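Could you put the whole structure together from the sequences, leaning on the hints where they help?
Chain order of the listed sequences is A and B.
Sequence positions in the first sequence follow the UniProt record's numbering and run 1 to 148.
Sequence positions in the second sequence follow the UniProt record's numbering and run 1 to 148.
Rather than coming from a laboratory, the hints here were simulated on the basis of the structure.
Given the structure is predicted, the values throughout are model-derived calculations rather than measurements.
We put the CB at the ideal spot given by N, CA and C, even for glycine.
Check the hints yourself; a few may be wrong.
[What the hints assert, rightly or not] Covered stretches of chain A, going by a simulated chain B footprint (3 or more residues, C-beta under 8 angstroms): (1) 33-45; (2) 61-68; (3) 80-89; (4) 131-142.
[Said to hold, decoys possible] The list that follows gives simulated cross-link-like pairs (lysine to aspartate or glutamate, DMTMM-like), each with its CA atoms no further than 25 angstroms apart: (5) 50(B) x 8(B); (6) 110(A) x 125(B); (7) 50(B) x 77(A).
So the chains spell out like this:
Protein chains: 2
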Amino acid sequence: MTLSLYSDEHYMREALKQARYALAEDEIPIGAVVVLERQIIARAYNQTEKLRDVTAHAEMLALTAAANHVGNKYLSDCTLYVTIEPCVMCAGASAWAQVQRVVYGAHEEKRGFRRHGNLLHPRTELATGILAAEGAELMQQFFAQKRK
Amino acid sequence: MTLSLYSDEHYMREALKQARYALAEDEIPIGAVVVLERQIIARAYNQTEKLRDVTAHAEMLALTAAANHVGNKYLSDCTLYVTIEPCVMCAGASAWAQVQRVVYGAHEEKRGFRRHGNLLHPRTELATGILAAEGAELMQQFFAQKRK
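Listed below in structure tokens is the structure:
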């Protein structure tokens, strides 16, 4: 498979790298990046354990870092890539930030936002299933380790 | 009216104080406190403008501060008081934190979480309408100033 430089797959691979950092630190392995004009302006992984803070999801940290980077709380020209379907909290945050696109990998039936309807901003485009198997595999690896 | 020391009204007055700090700083005037065993362990007001960060809602800052205080990301013995109905993001955060009770003042038809169903944790109790007029009045004051 050739990997186009500015494809969703390319940026999702960067989000997956972040998820692997989380796994290495015994965090639920979810990673996110924010892209503006083809550049990654923020990278983050879930740190709820380390920070003892339920709000420290990869998406939240990435959105905050991206807002710091652009000096604006609105991210209406940005795309948020995240390895797993965002939860209600993170969907809500992306709505407030008016993110242009949300791209996620694997669905999360139980904790994902979609079963509550479309909680994204009305103008936010949504793409799903990008490298979903890779994202899901990291989650399965984490929970298999936990059960040991 | 007598004000019982440990009543919901008492703690909501403290949240309203926080909302007034927000108003004084030209932020949307919403305040929150977190209470554990009758003690206020966190106070916060909305700072989305100052921090240029959509995630800096009063509830989010208060939940993070409370988790720091108790050294645990779960707040299952805590009550979150907030002057206005929380949004989807903040409801989601309180669900992750497994907050014991959420008490809010005025309803927020458009941005409040309730029109999306019950997004709180299944074990979280909800009380509403506490000093609702005071909370709503601060919001009206803010938006009336903005329109000038």
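Tested hints:
Coverage of the region 33-45 of chain A by chain B is violated [criterion: at least 3 residues with CB-CB distance below 8 angstroms; count 0]. A count of 4 residues in the region 61-68 of chain A with a Cβ less than 8 angstroms from any Cβ of chain B is obtained; the coverage claim is therefore met, three being the minimum. For the region 80-89 of chain A, the assignment as covered by chain B holds, since 3 residues bring a beta-carbon within under 8 angstroms of that chain's beta-carbons and 3 suffice. Counting residues of the region 131-142 of chain A whose beta carbon lies closer than 8 angstroms to any beta carbon of chain B gives 0, which falls below the threshold of three, so the coverage claim is violated.
The hinted pair formed by residue 50(B) and residue 8(B) fails the criterion: a straight-line CA distance of about 29 angstroms is larger than 25 angstroms. A threshold of 25 angstroms between alpha carbons decides the hint, and for residue 110(A) with residue 125(B) the separation of about 21 angstroms falls inside it, so the pair holds. Pair hint residue 50(B) plus residue 77(A) holds up; C-alpha atoms about 21 angstroms apart against a cutoff of 25 angstroms.
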